[in-house]
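Asks: Spelled out, the chains give:
2 protein chains.
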Amino acid sequence: MRTNAMKFVFALFIGLSAMGSALAQSKQPNVVLMLADNLGYGDVGAYGAGEIRGMPTPHIDQLAAEGLRLTQFLVEPGCTPSRAGLMTGRYSIRSGLSKIILRGTTNTLKAEEVTLAEVFKSRGYRTAYMGKWHLGSDEESQPQNQGFDEWRFGFFGTTEATLYGESMARTKAPEKWQALIPQIIEADHAGGPVKPVRAYDLEYRRFVDRDIANAAVNYINTHAGSDTPFFLFLGWTRPHYPNDSAPEYHGKSRIGSYGDSVMELDGRTGEVLAALSEAGIEDDTIVIFLSDNGPTKTSGTVSEINNGSAGPWRGELGDGLEGSIRTIGMIRWPGRIAPGVTNEMISIHDFLPTLANIIGADTPSNRPMDGIDQSAFLLGQQPNSNREHLLTFIGDRLVAVRYRQWRMYPVSFSSTDGTATTGGYLGRMGETAGLPEIYNIEADPREERNVGAENGWLVVPYLQLIGEYMATVQDHPNPKAANLTDF
Amino acid sequence: MRTNAMKFVFALFIGLSAMGSALAQSKQPNVVLMLADNLGYGDVGAYGAGEIRGMPTPHIDQLAAEGLRLTQFLVEPGCTPSRAGLMTGRYSIRSGLSKIILRGTTNTLKAEEVTLAEVFKSRGYRTAYMGKWHLGSDEESQPQNQGFDEWRFGFFGTTEATLYGESMARTKAPEKWQALIPQIIEADHAGGPVKPVRAYDLEYRRFVDRDIANAAVNYINTHAGSDTPFFLFLGWTRPHYPNDSAPEYHGKSRIGSYGDSVMELDGRTGEVLAALSEAGIEDDTIVIFLSDNGPTKTSGTVSEINNGSAGPWRGELGDGLEGSIRTIGMIRWPGRIAPGVTNEMISIHDFLPTLANIIGADTPSNRPMDGIDQSAFLLGQQPNSNREHLLTFIGDRLVAVRYRQWRMYPVSFSSTDGTATTGGYLGRMGETAGLPEIYNIEADPREERNVGAENGWLVVPYLQLIGEYMATVQDHPNPKAANLTDF
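Protein sequence lines correspond, in order, to chains G and S. Here the UniProt record's numbering is used: the first residue of the first sequence is 1, the next is one more, and so on. Here the UniProt record's numbering is used: the first residue of the second sequence is 1, the next is one more, and so on.
Bound conformation, chain G alone (with noise of 0.2 angstroms):
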């Protein structure tokens, strides 16, 4: 990958050179970071998708115009797991949080996990949440214990959980399992208790994105001329299933419920973008919008057919494929760096340690980091990316390993036959002959042929890259990941 985008990237790295000693910032940044919820590679105009799949999304494509859209954006393969290497700079097994967290599950963000949040915190910065947390329920791990100066309302769990109700009065559940339906909750000050806003039901699953919107404006409203940066990390929503959304939104898509949740996520990001712009803190405030995994399209609901798309990758939400793992991402921060795209890889996890580096604060040294700080490439300093690699682990079992174009796999995912067919995180995950399987993303997207044979010779650094990564883990060892299966 290297070698030809050299030339690609340099003409961005001479350009902004320049741009970064000639400007000198009065404060630290703001940061708003904005973590959409199964977006896919495909589902968005500035990724090939938007008005092609009869749902226009101009407000997240001119963020990408104005920033670095990133194609070679890689995460883990779920919601938690995905959260936890943003926040922890670390690949979630090593915070115990590789599986997703569901009611029952014992996973959670654990006290002595150094976050994003509290990065920010020992430089000085407001920091705030608002919306979806799903790193646990625990006290040590809520977000206003975890760094946050308040947590503006939100849920610890995931949003199917809306279902859980309708699906228990339908089918006449005991009503003992009625305290598993999910609640809306706040916390307004560091250290401080959570409180039940209301609950999260399926009525109020239509407004919920509204109003981090709402929340988050007003934030950023009341914020704007304080001297103190602040950092704002919005967790939106959609277009997790399910995906009604709020009336205004209602047919706004020809394709139904989930683009009228994409175009919703597209706006609710236009109101959150125009604040800043109408506050004149646009040009003081570093704006990252990433999606946390791949697409469903696999749909585990009666009422619901998914319709994300991973664009030209095979694999969605829940699997170990690239589809899962390579989505949408980009980074706005203007006079700093350079509008364009690129497709050096650059991971979730390697937004801790970029973003340490640009407020000036350490990361952890006690621990095996992940995340890789990319701020040299960010800023025009360098022309490539620092990664070349990422493993990719689903409970506590290793499943990928990326090295450059390559895709190796410990394992064999496939959808499930013999039923309706489902894949991703409804789909298998088998065991192969013995040989890993080897896969040229470039040259084949989807997957479709296994070139061991003439690449043998990536077991090699296949692993070595393993062999890294388990020295860690002999000095460092795992907490035990969640188990929903192996009994």
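I should point out that these hints are in silico values taken from the structure, not numbers from a laboratory. Errors might be hidden in some of the hints.
[As the list claims (entries may be wrong)] Cβ-Cβ distance ranges computed for the label pairs, FRET-style:
(1) Gly-104/S with Gly-467/G: 42 to 50 angstroms
(2) Gly-456/G with Leu-202/S: 48 to 56 angstroms
(3) Glu-271/G with Gln-382/S: 28 to 36 angstroms
(4) Ala-111/G with Arg-449/S: 55 to 63 angstroms
(5) Glu-203/S with Val-460/G: 35 to 43 angstroms
(6) Asn-483/S with Val-460/G: 47 to 55 angstroms
(7) Glu-166/G with His-476/S: 54 to 62 angstroms
(8) Leu-180/S with Val-460/G: 44 to 52 angstroms
Note that the structure is a prediction, hence the values are computed from the model and not measured. Even for Gly, the Cβ is constructed at its ideal location relative to N, Cα and C.
Model the placement of chain S on the given structure of chain G, informed by the hints.
Replies: Just chain S now, with coordinates in the frame of chain G:
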């Protein structure tokens, strides 16, 4: 598609009406039409591939940026059918060309067809053809007998025939079949004979696009200063298998011969565009760059994996799925066609009536025409394209009906199995259980969910569109399609 696309295209419209009326052309525009061979929707940078796929395409990308890029450009599902549709403005089935011509098949372009070149001749244009023809080798079918003043070398058949010689030698085929090895030929004046130039073998396959580009550059330089406008048609051979490229392109991509070949196609296209610019006629020349059909992913040769990609769509060359008939297309006319991107539906049949209107030529009135004049849309005089549907044929069988975003199939396409898995032109076409399959291409780009149940209403427009077509056939019966399988 209309409703939501409206605002997007309307901005274009406003911008252009002013532009259109303010300009006057001193003479008719030159037209350079370049047709790539089996280039997929997911193969080019402007369509989200290029560098991401390990094969940058900067020249085609720049042309796309300077012109109007079509994201819903529809063709026919094979080289011969698509070229027949382009050349006649009619479904290929009307000229008996709805199957790919192979040595031994009887289909050939008839003298009574009115070709695109004849349309240009009717307005006094100088016309030339260079490269792959694939519309039949009978005398009446040859370019210089179908409206082109010259055929500055090319070949009748298809590029995989360059493999015949080696395969015949390896497999010890009887010598009598060697006459079927293809030739490079040329015809230097209208109505004249074709003269052999050399064998079209694997050695020369590497150089054919270099020579097409050189011939085109010479042609442009020779005629740039003339008062007579020209119509130049380039039938590129790339990235049709086999894909060995000219030496200077060896190893240029990161994905092997397919990528090298795409990059050579891009480089050769750049040579032609540079010649237009250097000759000072860029502003007086309409440049159209199209692919004839979807990519090949399935390899029919022992030595080559075909790394084409249809991007988000399912299907490949030879089947009737979206990936087979939706491919890349762009048109540049400086000062007349506003640069941009449109998802309005345009088919390859539309170019004949559209270009005829632009140059003030008549189109045939004594036969059914399937192409639709799109000049008002392209020139910004109306916000929408005039097309909402397209029928797709293979041989004498109607295999697909497109109506707006709906894909409806009277047959069912699948890959073979039990042998090495193959799809596309090596795949299978079977009967449905008696109902058409129905897919929503916006909601479900990979056509994985037959949504006929809630869309049974579509049977009405489906039968209506088929009925309208059948009525034209009653008055103007189709010739018999070539037959290779039904005996």
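Asks: Could you run down the list of hints and mark each one as holding or not?
Replies: Checked hints:
In this structure the supplied range 42 to 50 angstroms is violated for Gly-104/S paired with Gly-467/G, their Cβ-Cβ distance being about 58 angstroms. With their beta carbons about 29 angstroms apart, Gly-456/G and Leu-202/S fall outside the hinted range of 48 to 56 angstroms. Between Glu-271/G and Gln-382/S the beta carbon distance is about 33 angstroms. The supplied range of 28 to 36 angstroms therefore holds. For Ala-111/G paired with Arg-449/S, a C-beta distance near 45 angstroms fails the hint of 55 to 63 angstroms.
As the Cβ distance of Glu-203/S to Val-460/G is approximately 37 angstroms, the hint placing it in 35 to 43 angstroms holds. For Asn-483/S and Val-460/G, the hinted distance range of 47 to 55 angstroms is satisfied, since their beta carbons lie about 54 angstroms from each other. Between Glu-166/G and His-476/S the Cβ separation comes to about 58 angstroms, which falls inside the hinted range of 54 to 62 angstroms. A hinted range of 44 to 52 angstroms holds for the C-beta pair Leu-180/S and Val-460/G, which are about 47 angstroms apart.
Hint check: violations occur at hints 1, 2, 4; the rest are consistent with the structure.
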